[in-house]
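Chains as they are written, first to last, in my numbering: chain X, 1 to 320; chain R, 1 to 320; chain L, 1 to 331; chain Y, 1 to 331.
Where hints are given, some of them may not hold.
What the hints assert, rightly or not - Example chain R residues on the side facing chain L (calculated, C-beta under 7 Å, incomplete):
| hint | residue |
| --- | --- |
| 1 | R33 |
| 2 | A34 |
| 3 | F38 |
| 4 | A42 |
| 5 | N51 |
| 6 | D55 |
| 7 | G122 |
| 8 | P126 |
| 9 | E127 |
| 10 | L128 |
| 11 | D293 |
| 12 | Y298 |
| 13 | I301 |
| 14 | Q304 |
| 15 | Y305 |
What the hints assert, rightly or not - Ranges of calculated distance between the beta carbons of each label pair, as one might list FRET restraints:
| hint | chain 1 | residue 1 | chain 2 | residue 2 | range |
| --- | --- | --- | --- | --- | --- |
| 16 | Y | D256 | L | D108 | 48 to 54 Å |
| 17 | R | G187 | L | A246 | 31 to 37 Å |
| 18 | R | A314 | X | G43 | 52 to 58 Å |
| 19 | L | D108 | X | E186 | 38 to 44 Å |
| 20 | L | G326 | R | R219 | 27 to 33 Å |
| 21 | Y | A246 | L | A253 | 50 to 56 Å |
| 22 | Y | K292 | X | T179 | 53 to 59 Å |
| 23 | R | A314 | X | P192 | 32 to 38 Å |
| 24 | L | E185 | Y | E285 | 56 to 62 Å |
| 25 | R | R39 | Y | V38 | 55 to 61 Å |
| 26 | L | A246 | R | A314 | 36 to 42 Å |
| 27 | L | D138 | Y | R45 | 57 to 63 Å |
| 28 | R | N51 | L | D138 | 24 to 30 Å |
| 29 | L | D108 | R | L245 | 51 to 57 Å |
Hints listed in this document are in silico derivations from the structure and should not be mistaken for laboratory results. Bear in mind the structure is a predicted one, so any value in this text is a computation, not a measurement. Just so it is clear, CB atoms sit at the ideal spot from N, CA and C, and this is done for glycine as well.
Residues per chain are reported as follows:
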Amino acid sequence: MAELTLVEAVNDALHTELARDDNVLVMGEDVGRAGGVFRATAGLRDRFGENRCVDTPLAEAGMLGSAVGLCMAGWRPVVEMQYDAFSYPCLDQLITHVGRYRWRSGGRMEFPLTIRMPYGGGVRAPELHDDSPEAYYVHTPGIKVAIPSTPADAKGLLAAAIRDPDPVVVFEPKLVYRTARGEVPEGDYVVPLGEARIAREGSDVTLIAYGAMVPVCERAADELDVSCEVLDLRSLRPLDEDAILASVAKTGRVVIVHEAPRTAGFGAELAALIAERAIFDLQGPVLRVTGYDVPYPYWTIEDQYVPSVSRVVAAVRSLF
Amino acid sequence: MAELTLVEAVNDALHTELARDDNVLVMGEDVGRAGGVFRATAGLRDRFGENRCVDTPLAEAGMLGSAVGLCMAGWRPVVEMQYDAFSYPCLDQLITHVGRYRWRSGGRMEFPLTIRMPYGGGVRAPELHDDSPEAYYVHTPGIKVAIPSTPADAKGLLAAAIRDPDPVVVFEPKLVYRTARGEVPEGDYVVPLGEARIAREGSDVTLIAYGAMVPVCERAADELDVSCEVLDLRSLRPLDEDAILASVAKTGRVVIVHEAPRTAGFGAELAALIAERAIFDLQGPVLRVTGYDVPYPYWTIEDQYVPSVSRVVAAVRSLF
Amino acid sequence: MASTDALSRFASEGIGDADLLELYRRMVLLRTYDERSVVYHRQGRIGTYAIFWNHEAIQAGATFALRDEDWIFPSYRESAIGLIRGMPVETVIAWWRGHPSGWWSPADWNVASICVPIATHVPHAAGLAWGKKLRGEDAVAMAFFGDGATSEGAFHEGVNFAAVMNAPAVFVCNNNQWAISTPLEAQTRAETLADKAVGYGIPGVRVDGLDVLAVFAAAREAVERARSGDGPTLIECVHYRAAPHATADDPRAYIDQARVEEERANECVGRFERTLLEAGVLTPEHAAAVKKECEDLMRAGIAAAEAEPAPDPELVFTHAYVDPPGNMRRG
Amino acid sequence: MASTDALSRFASEGIGDADLLELYRRMVLLRTYDERSVVYHRQGRIGTYAIFWNHEAIQAGATFALRDEDWIFPSYRESAIGLIRGMPVETVIAWWRGHPSGWWSPADWNVASICVPIATHVPHAAGLAWGKKLRGEDAVAMAFFGDGATSEGAFHEGVNFAAVMNAPAVFVCNNNQWAISTPLEAQTRAETLADKAVGYGIPGVRVDGLDVLAVFAAAREAVERARSGDGPTLIECVHYRAAPHATADDPRAYIDQARVEEERANECVGRFERTLLEAGVLTPEHAAAVKKECEDLMRAGIAAAEAEPAPDPELVFTHAYVDPPGNMRRG
Ligand SMILES: Cc1ncc(C[n+]2csc(CCOP(=O)(O)OP(=O)(O)O)c2C)c(N)n1
Ligand SMILES: Cc1ncc(C[n+]2csc(CCOP(=O)(O)OP(=O)(O)O)c2C)c(N)n1
Ligand SMILES: [Mg+2]
Ligand SMILES: [Mg+2]
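Input sequences plus hints: build the corresponding full structure.
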């Protein structure tokens, strides 16, 4: 066990997986010579060569589109999108091809590619360095989505994504890239997709979150006098519905937290799941604390936008 | 009043709005010489000239990106995407610019552009002619979304979209382009965004739908012995929350129907709204009847995918 | 006429009569597929169909330069190109019937899936070619797309990727001068589409898209260049769309029919046939036999396609994931 | 040196000393803005900042060919280009401080918003130029972007649109030969970036990006071409990035510092200053006065930016819509 930051854990996973499987290849903008703008791919080019850690032209659709072709040639590409909002040019390839090509092949070809990107706000950056695009990805059939909140999960979920036979998108909470530190198992380490983590046991209310909102919920739990269960989803598809329903059955109260805009965000899916499958367990409304349906704001006021401990606390209090 | 098909009503709206405002301009692939692959833009080029109804190069991002520039030059562009799935290349411009540019200008510039496209399945077409992408659009801040189900609304909502000072996306249900016929007011006719339509009054259960799923819900209501209220949203953003909550308060039972994949589809937002604001009105779970989280299937079995009358009927029955 | 000289030139290069007759057979096969399909559509036996009449010289000529290990990336306009590799006629017909038996595995034929969204397969070809090269495998990727496709960002990003990666790719542009109803001059201001190669630092060539031997010669050179490690080539095959875009389309609204008639009079299969007859490579009997063989193939193909049992509704779910999420079936 | 000849040539064309001194002032203004900003960043007074040191000749030279009614479409690399139009220093500083007062209306200055996502503003420039032309208004659009930007589909689609629409647009590529850590040869295989113009059927020119007069001359020709209805031009301004990509970047990992030192020795502002001094157009006193004036402007600017009251949190919602949906504030 080594104590690593979240971004170091990502780097560790990439080193481990490239060493483990010669078919794994990392590609993206500035991943090679520079080792990534967040250093997530540091050391890969020196260790595995420029053909296993490739600096591509500046073209996200070209990156993802050629990754589809790489899969056809037997590779398992790991594509880095430099930032959340800079992944949007690749959505066309994602929706029209990445999510459909296995289906198109009558199930006889696999497209085991991974897309990973830093996401989320709070980093005092110019616009479009703060987005939380997970809903665009998780709404797309054929795609799986994972979002770690701890260094150990950052390693384990990325390893699971790279080994998964289907396309997986991993969103890494850049806000805690360097501040989240924790014990990370060395060498082979996989956290299976689809298993939520109970970040904190509780009995009065369930806080459901992922990524950088997990620590926010934990801090809110500290402030609250009621007993909060904090559920860290870790994976949005596959989704650990049992863990959600079990917790709701126990507490009867739910607050869902994410940074993305509210309308048709993933929180809506969680609320819908609960409204369909756990309606009679509920002792109150299913609340969401989310980003607003407005462009991500100027960073001097971004704290008004990103769900805060106090907004989560207020939502929980309103349930009692 | 003339009796028109839905696509004729779209064409009528375009003729009316281009005649009404010299700043309105229609652009897209094959909208000019051919009058659109569905004839939605027929006659515009002859009547208003090739500069008011422009055949563009085959480039959706280029179309929407230049429409942003056209707005800066004082135009009100109406951009046709030839089919739902062929709009995906424009998502980057939509998310990074169309939804944000007014904010970026400190509210001092307007981007009154309209995107319109045929959407939805059931038309026995090759793949990617069947998608229901509304969730990608409605999740995007700064964008409004309207979806008509009748010829009159197709005209009135498109007119409202073109006159609206904000960017509006109008999805036209291509399945009923030529089969939905109805009285359409001649000349100036606007259906305000944000007002749902009660397609049928009822007291036992509320069926919420839009576009081509409205007639499906109406047929289901015919088959059912319980009294169904069918709510045609007409506009997803702005959303007529009062109409939804009023109907749920009356019936206490809800079935939401859309063609798009289920996960994080707009139905999730509707269920989440109800779970948050109407939880104590509910006498049963909030159900969704939707497309599945898989690629839209081969057309010989697409009827297994698109919500059918019998699936809606079964969902309603399960509530009693 | 030039083509007979071409024949002797090819002969001197070892392209013998057998090869020419095989090339002829492939053109006839494609032509027969296309003409029968239009009839099948009229009879309601297949859905909307993208007609490739008079595009056969491009499709047969370009792929004639490939080996079986090379990959083909077709657009909807090249839907039947797999026939050249021996793909069963019923497979392609089934695709146009929306029947699951029409979905093949690219790995089975080294023919990628029919690409419906314009130009989005161009980066796939770049990636496949690059990926094969990285593995030290000797395979070339050949992508087909139209004149309109060159306006898409996906074309630009894909060709640039291939060029930068020095990938063994050949980009074949079917310049039929129309994108549905949009003429070439509304698509680009460039003198030629081959000019676009300059911006990627790769060779661009322009050939008569109705001269199968000219297309083949250009493709052969491009494939050799790719194989020998010198990177991609862009080939512009110039002709003029002499049929509707698809069965649903009525071009009379926008194309001058006189021009279309001219084009039809000079159609590529008959042109090659005349050349071969003239050169004594082909006899009328052989030509008739080839046509008969292809018609029989089609007859058997449509019969087989129509004999397919109705698809299992379960197929809505079967192929979405290797390892499907639990809630996939909820709807 | 060539530039002195250039001066006389310009003089004969009516570009007099006053113009040259104004051009010099603009370069010094941009240089001062950039150098002070790096200091402000170190002092924690602005956020991450994209350094444009030694890009001043491109920005000042190209825009010197514009009239006030012409539009400028900057990338983050041209964040301060509005200063040339008289935009207050504090506005640009505020942008880098993430303060709402840094967001101007493009219509106020005919300067579009700073474009952060690479190349996505290229189609905006095409649309603006096309739209102005449709209205019969005489305005040219000039877009700035980097070498890396030419790999994006948005660049391709935007330039092609402008070419097809014969729009009065000028595309200025700042080829500093690096996209963060990615060198030009990993971005394109083309001989030059100006070559890309061929594929769009428009003129492409290549100039020394450190020679402000060469950039101005090329821009002036392109602007005249656009204004006279002959369509867009692509101008490649070649130099070499002699500073980090941004304050957050450490180029020592990937750029040879010796090369950077060479470049710095030949930086563009000093070069132009020497030319003007040599030609007797500029005196050391005047040069000193200009620098002082620019430093004062910066001092006033940062003071004004820092004097801005903390933004009203309500601004999270204010500008999203003209006519906001009712649920906008729910979160
Ligand atoms: C991304 C995308 N946009 C639009 C369409 C609709 N569409 C189908 S074919 C076509 C024209 C294509 O023209 P071209 O590239 O010249 O190929 P051709 O049909 O002439 O072979 C269009 C616009 C599509 N299939 N994909
Ligand atoms: C679409 C998009 N992808 C990635 C980025 C991240 N990024 C910021 S600057 C940059 C390099 C740009 O290089 P170039 O176009 O040469 O311009 P320069 O920075 O050299 O002026 C990258 C990749 C971005 N801003 N937008
Ligand atoms: Mg064509
Ligand atoms: Mg650069």
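Verification of the hints:
1. R33: holds (4 Å)
2. A34: holds (3 Å)
3. F38: Violated, about 10 Å.
4. A42: Interface hint status for R/A42: violated (10 Å vs cutoff 7 Å).
5. N51: With Cβ-Cβ at 13 Å, over 7 Å, it is violated.
6. D55: holds (5 Å)
7. G122: violated (12 Å)
8. P126: This hint holds: R/P126 lies near chain L, its Cβ roughly 6 Å from the closest one there, short of 7 Å.
9. E127: holds (6 Å)
10. L128: OK, holds: R/L128 within 7 Å of chain L, min 5 Å.
11. D293: holds (5 Å)
12. Y298: For R/Y298, the interface hint holds, since the closest Cβ of chain L sits about 5 Å away, which is under 7 Å.
13. I301: holds (5 Å)
14. Q304: holds (4 Å)
15. Y305: Given a least distance of 5 Å, the restraint on R/Y305 holds.
16. Y/D256 - L/D108: 48 to 54 Å: holds (49 Å)
17. R/G187 - L/A246: 31 to 37 Å: 36 Å Cβ-Cβ, so the 31 to 37 Å window holds.
18. R/A314 - X/G43: 52 to 58 Å: Since the Cβ atoms of R/A314 and X/G43 sit about 56 Å apart, the hinted range of 52 to 58 Å holds.
19. L/D108 - X/E186: 38 to 44 Å: holds (42 Å)
20. L/G326 - R/R219: 27 to 33 Å: Holds - the Cβ-Cβ distance for L/G326 and R/R219, about 31 Å, lies within 27 to 33 Å.
21. Y/A246 - L/A253: 50 to 56 Å: Hint holds: Cβ distance 53 Å, inside 50 to 56 Å.
22. Y/K292 - X/T179: 53 to 59 Å: violated (44 Å)
23. R/A314 - X/P192: 32 to 38 Å: Because 34 Å falls inside the window, the suggested range holds.
24. L/E185 - Y/E285: 56 to 62 Å: holds (58 Å)
25. R/R39 - Y/V38: 55 to 61 Å: The hinted range 55 to 61 Å holds for R/R39 and Y/V38, with Cβ atoms some 59 Å apart.
26. L/A246 - R/A314: 36 to 42 Å: Holds - the Cβ-Cβ distance for L/A246 and R/A314, about 38 Å, lies within 36 to 42 Å.
27. L/D138 - Y/R45: 57 to 63 Å: holds (59 Å)
28. R/N51 - L/D138: 24 to 30 Å: violated (53 Å)
29. L/D108 - R/L245: 51 to 57 Å: With a Cβ separation near 55 Å, L/D108 and R/L245 satisfy 51 to 57 Å, so the hint holds.
Hint compliance for this structure: hints 3, 4, 5, 7, 22 and 28 are not met, and every other hint is.
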